[in-house]
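Asks: Residue-level listing of the chains:
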Amino acid sequence: MNARTSIIEASGLIKRFDAVAAVDGLSFTVERGEIFGLVGPDGAGKTATMRMLAGVMRPDQGRIVIDGVDVVADAEEGKQHISYMPQRFGLYEDLTVDENIRFYADLFEVPAQAREERAARLLAASGMTQFRARLAGQLSGGMKQKLGLTCALVHTPQILLLDEPTTGVDPVSRRDFWRILYGLRDEGVTIVISTAYLDEAERCNRLALLDRGRVLYCDTPMALKARMPGALLVITSPAGRKVRDTIAGLSGVSNVILVGDGVHAVVDDAGLRIVELREALRRAAVAVVDIVVGEPSIEDVFVALTQGEATAS
Amino acid sequence: MTDVAAAPQIVVENLGKRFGRFVAVDGVSFRVGRGEIMGFLGPNGAGKSTIIRILCGLLRPSAGRALVAGVDVTKDPERVRERIGYMSQKFSLYRDLSVEENLKFFGGIYRVPRAELAERMRFAIDMAGLGGREKALVSTLAGGWQQRLALGCAVLHRPPILFLDEPTSGVEPTSRRRFWDLIHTLAADGVTVLVSTHYMDEAEYCHRAALINQGRLVAIGSPDELKRTALGGELLLLECANLGPTLAALQQAPGVLDCSVFGNALHVLVADADNALRELPAFLERQGLFPSRLERIRPSLEDVFVRLIAVDTARRRAAA
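Residue numbers (the working numbering), protein chains in the order written: chain B, 1058 to 1370; chain G, 98 to 417.
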């Protein structure tokens, strides 16, 4: 990637709905030509942040500068370079795929020839060429999302804002969707994408992990995982519950969870604790197939970082 | 853990369902044991919900048969419905009713005997961790709590079988882990659980997962089994400065079955990892490409899922 320059700078954003601060002092910077993720559970403030970036909602406090323009002061100027795809993109269900694309192309004043080329390429990339004459209302959820993306991209935006575009979309369509995003990134488009699915975060270049309106951490997925305090152990066993009951509460062991094939646990020192756990499980006569150090997921990191402050919710 | 052969709670044999000329379900067979958590995966339109509707006694199969808790779903759908609990991602709670009122309401719907209702409500409230909040309106509860209450409502009538539809969509991770811990506790007490989901991290919590594509069962096994065997190759992670050209080069490389962008890196599916680790760097170097990192990684369930669907879909196209 080229020398990094920032294209979006958000600082000290606050947005309240009644007494509740949906966004509570959010700051982050998006570099030109990267895929930046706003990642967090429902209620973390993702959608409100997206709306403020898109210039369709004013923050109560804070500044947003997009490509040198203060968009809080001048929302119209900011919108010039942005394409925004909200969670429910306005497709016309009684129009065909082609007609929807044509409609949005006219809205964005895209010349007819450029429109045809671009639509053909995007539809091919998303495997939708054969559905051009189908009514939008008759598409599956995944195809609707891909059509929404195609419509949002009939003009060539510098910045693409996608609010939870893959919610309810199956994994195969999700991969198609990401393939298109990587293609756009290669063309130099900057993409900000929000998602509640922490596994999706791994596909971004950098991400901000959001919790209750604040940024917990902002970094590359790799660097975030390196922040994981301790190591994740993957214990494969046909007797997961016995494993959990045996090791929960042992010193240096935390976050013990049952999964289908056994147990995941976080330990402070993998080398030391693997030996201790093996011994404890042997003494308790619990069958264990394997104990290995696994790569933590972004969810593991999220849980580790929010621990302690996570009161009952 | 579970013994599928000894105590199958769900038996599906050569199940078929047609809607006119469209074959929605095509010769599907599987069994789920007592106390087993089975994941049900597949793209939209694969036939998952059709199968679940048949298992709930809401749709009649066109072929084959299905037994749920020993009851034939075609012969006695009413008895099937008494034996299942159902929870969808939308939770179907009444937001303007209190915790207690919701439980009472669902207790009525599921015909929980009056003498048992108080005790079952207590169980659900304790399970959901909602003690002290009995009078709170559902709309004032955080997502994780609503989710556990919905689960409590779904198991009020002690169903031996529980259907969950994308149960933890969008829920905060700590709550989600607590939810899955509850599911595992129910399973340990003998409840059989069928979870349909698009999200592979939900599938990781299942004892086994069944993958459905275009109405047919493509693969079934534990998450670990599927990751070790179902991919038909081994997975490598490759990091480099220029992803685009490297991706194009790898698609022509010997021994490479598939290649895709993943964040700042590429995921490369190869027939033999040892060979590839030896030969790919030289192959790329000849084209002026120098990966900064190349190593074997454990595939995710999503890698497995997407690959199996692609192979299955291509095979059917070729056959058609």
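By construction, these hints were calculated from the structure, which means they are not laboratory data. Here a beta-carbon is modelled for each residue, glycine too, at the ideal position from N, C-alpha and C. One should not assume that every hint holds.
One-sided and incomplete, this derived list gives chain B residues near chain G with beta-carbon spacing under 10 Å [unchecked claim]:
#  : residue
1  : A1079
2  : G1082
3  : P1098
4  : P1143
5  : G1147
6  : V1167
7  : G1194
8  : S1197
9  : G1225
10 : Y1254
11 : R1260
12 : D1318
13 : V1345
14 : E1352
15 : T1363
Some chain G residues well away from chain B (every beta-carbon gap over 10 Å; in silico) [what the hints assert, rightly or not]:
#  : residue
16 : R305
17 : L340
18 : S357
19 : A370
20 : R395
Asks: Would you mind marking each hint as holding or not holding in the structure?
Replies: To see whether the hints hold, each was checked on the structure:
no. : hint  : result
1   : A1079 : violated, 14 Å
2   : G1082 : violated, 20 Å
3   : P1098 : holds, 4 Å
4   : P1143 : violated, 16 Å
5   : G1147 : violated, 21 Å
6   : V1167 : violated, 25 Å
7   : G1194 : violated, 15 Å
8   : S1197 : holds, 4 Å
9   : G1225 : holds, 7 Å
10  : Y1254 : holds, 6 Å
11  : R1260 : holds, 5 Å
12  : D1318 : holds, 4 Å
13  : V1345 : violated, 13 Å
14  : E1352 : holds, 8 Å
15  : T1363 : holds, 7 Å
16  : R305  : violated, 7 Å
17  : L340  : violated, 8 Å
18  : S357  : violated, 7 Å
19  : A370  : holds, 17 Å
20  : R395  : violated, 8 Å
Hint compliance for this structure: hints 1, 2, 4, 5, 6, 7, 13, 16, 17, 18, 20 are broken, all remaining hints hold.
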